[in-house]
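Protein sequence lines, in the order shown, are assigned to chains P and A.
In this text, residue positions in the first sequence follow this note's numbering: the first is 13, and each later residue adds one.
In this text, residue positions in the second sequence follow this note's numbering: the first is 5, and each later residue adds one.
These are calculated hints, taken from the structure and not from any lab test.
From the three backbone atoms N, C-alpha and C, an ideal C-beta is built for every residue, glycine too.
Take these hints with a grain of salt, some might be off.
Examples of chain P residues lying across from chain A (beta carbon under 7 Å, computed) [said to hold, decoys possible]:
#1 Leu115
#2 Ile121
#3 Ala125
#4 Gln128
#5 Ile136
#6 Pro145
#7 Arg205
#8 Val226
#9 Ala231
#10 Val339
#11 Gly377
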Amino acid sequence: MDIFFEFLQTTGFAQMTIGNLAMVIIGLIFITLAITKDYEPLLLVPIGFGVVVGNIGYVDTMTLGVYDEGSVLYYIYFGVSQGIFPPLIFLGIGAMTDFSTMLSNPKLILLGATAQIGIFLTFIGALYLGFTPEEAGAIGIIGGADGPTAIFLSSKLAPHLLGAIAIAAYSYMALVPVIQPPIMRLLTTREERLIRMAEPRATSQRERIVFPIVAFLIAALIAPGSIALLGMLFFGNLLKESGVTERLANTARTGLIDIVTILLGFSVGASTQAQTFLRPDSLLIFGLGALSFCIATAGGVLGAKFMNLFLKEKINPLVGAAGVSAVPDSARVVQMVGQQEDPQNYLLMHAMAPNVAGVVGSAIGAGILWSVLVK
Amino acid sequence: VKRDGTELNFTFDIQNIIDGQGISIAITGMVIVFFALSVISLFIAALPHILTLFARRWPESEGHQPTRTAAHTQEAVSDEAVAAIAMAFHHRRQA
Numbered sequence: 013m014d015i016f017f018e019f020l021q022t023t024g025f026a027q028m029t030i031g032n033l034a035m036v037i038i039g040l041i042f043i044t045l046a047i048t049k050d051y052e053p054l055l056l057v058p059i060g061f062g063v064v065v066g067n068i069g070y071v072d073t074m075t076l077g078v079y080d081e082g083s084v085l086y087y088i089y090f091g092v093s094q095g096i097f098p099p100l101i102f103l104g105i106g107a108m109t110d111f112s113t114m115l116s117n118p119k120l121i122l123l124g125a126t127a128q129i130g131i132f133l134t135f136i137g138a139l140y141l142g143f144t145p146e147e148a149g150a151i152g153i154i155g156g157a158d159g160p161t162a163i164f165l166s167s168k169l170a171p172h173l174l175g176a177i178a179i180a181a182y183s184y185m186a187l188v189p190v191i192q193p194p195i196m197r198l199l200t201t202r203e204e205r206l207i208r209m210a211e212p213r214a215t216s217q218r219e220r221i222v223f224p225i226v227a228f229l230i231a232a233l234i235a236p237g238s239i240a241l242l243g244m245l246f247f248g249n250l251l252k253e254s255g256v257t258e259r260l261a262n263t264a265r266t267g268l269i270d271i272v273t274i275l276l277g278f279s280v281g282a283s284t285q286a287q288t289f290l291r292p293d294s295l296l297i298f299g300l301g302a303l304s305f306c307i308a309t310a311g312g313v314l315g316a317k318f319m320n321l322f323l324k325e326k327i328n329p330l331v332g333a334a335g336v337s338a339v340p341d342s343a344r345v346v347q348m349v350g351q352q353e354d355p356q357n358y359l360l361m362h363a364m365a366p367n368v369a370g371v372v373g374s375a376i377g378a379g380i381l382w383s384v385l386v387k
Numbered sequence: 005v006k007r008d009g010t011e012l013n014f015t016f017d018i019q020n021i022i023d024g025q026g027i028s029i030a031i032t033g034m035v036i037v038f039f040a041l042s043v044i045s046l047f048i049a050a051l052p053h054i055l056t057l058f059a060r061r062w063p064e065s066e067g068h069q070p071t072r073t074a075a076h077t078q079e080a081v082s083d084e085a086v087a088a089i090a091m092a093f094h095h096r097r098q099a
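Kindly generate the complete structure, drawing on both the sequences and the hints.
Rendered as structure tokens:
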């Protein structure tokens with residue numbers, strides 16, 4: 013009988029805290045939102061289920077969680093904690109990204125830079141709240157609206173905040189269709205939202221092959237901290253565009269990225285154990301993350317309006333909002349908001365240019381913060 | 005106390021920004037991001053002209069033809085499209 017009572021003490025029911033229960037409910041909300049609202053289901057389902065798994069209580073002597081050295085989850089989480097998964101995700105993104113619209117209208121790349129103001133203003137905000145410079149840098153990168161970049165930089169600068177930063181980044185990416193439209197409408201007039209842009213020109217295969225090589229050299233020589241992310245991004249794109257490595261490109265953009273997404277999402281979710289996640293600094297990180305998304309969106313839109321002061325062929329300022337990365341969701345939001353004013357105005361292709369430039373810009377921003385803040 | 009064991013400092017103080025060199029890091033970061041993307045933008049703008057000069061010496065048709073062209077053409081046309089084209093062709097021959 014004693015053995016039975018001892019066993020009862022080891023069950024999840026006995027070990028469960030109120031915090032664990034709250035996190036399990038949060039995980040279930042993620043799964044529900046993904047299934048019913050279609051909010052980033054490929055990410056929120058693995059993360060949500062990981063949150064549920066990570067918050068089942070167990071006795072301390074058992075090695076089960078992501079922080080228990082030797083456990084299965086520990087080894088899966090190793091790819092996150094050591095920054096291995098994000099570059100692999102970038103390889104897949106590169107293999108599925110078409111840079112043609114960016115190549116056909118290079119001035120739109122600058123919108124991918126203006127939107128990065130979200131990173132650096134949030135960095136200042138996090139410092140103001142009392143975070144250390146390393147923590148502030150890791151929190152600021154949420155403004156890059158790029159989950160893999162946020163995880164990569166957090167693993168390097170503030171591994172203890174990784175769970176909160178990753179959850180904040182992916183949650184806000186899922187909420188891009190909710191967060192961005194009000195800001196976009198607030199900062200633009202109806203006339204501006206009605207601006208139609210010229211069709212992008214066709215690009216040659218040579219352009220598309222030369223671009224990833226030279227763009228990597230430029231970015232990596234300026235900010236070597238971005239080598240891992242941009243190296244994989246542009247390598248993946250070269251696999252796609254070279255035309256002679258179709259099998260490799262196909263693997264990178266399908267099987268590989270899917271496997272890594274499953275492992276990353278699940279283990280990040282499992283890292284949110286209530287004992288380490290439900291803390292005041294997590295709330296601050298969530299607040300700062302929301303702020304950074306808003307600033308980044310505003311930065312992109314205002315950047316486009318500023319450029320229009322000097323351009324003959326005006327840019328629809330809505331496309332600036334796509335500079336926050338979050339590929340391709342923010343570009344879809346631009347298309348949606350644009351078509352609410354003019355159903356015949358197709359902005360998606362134009363928005364993809366600042367969108368992919370935003371990916372490059374946020375990776376460069378991460379590289380800079382890593383170089384400056386690493387001790 | 006933060007999760008790494010250090011004390012969480014909720015001072016909400018401008019001095020934190022000054023001590024952490026926040027303004028200078030932020031300005032430097034933005035300038036470098038702008039510079040890097042501007043250089044990439046200028047390179048892309050110049051790329052068609054560079055390739056035109058390049059093509060005079062090594063025309064694209066003389067280079068290695070990637071194997072994907074044929075495969076892509078086949079992949080790009082779906083069965084429905086083939087059926088639609090065949091139907092249109094059939095109607096045209098009957099007319």
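Hint check, failures only: 7 and 10
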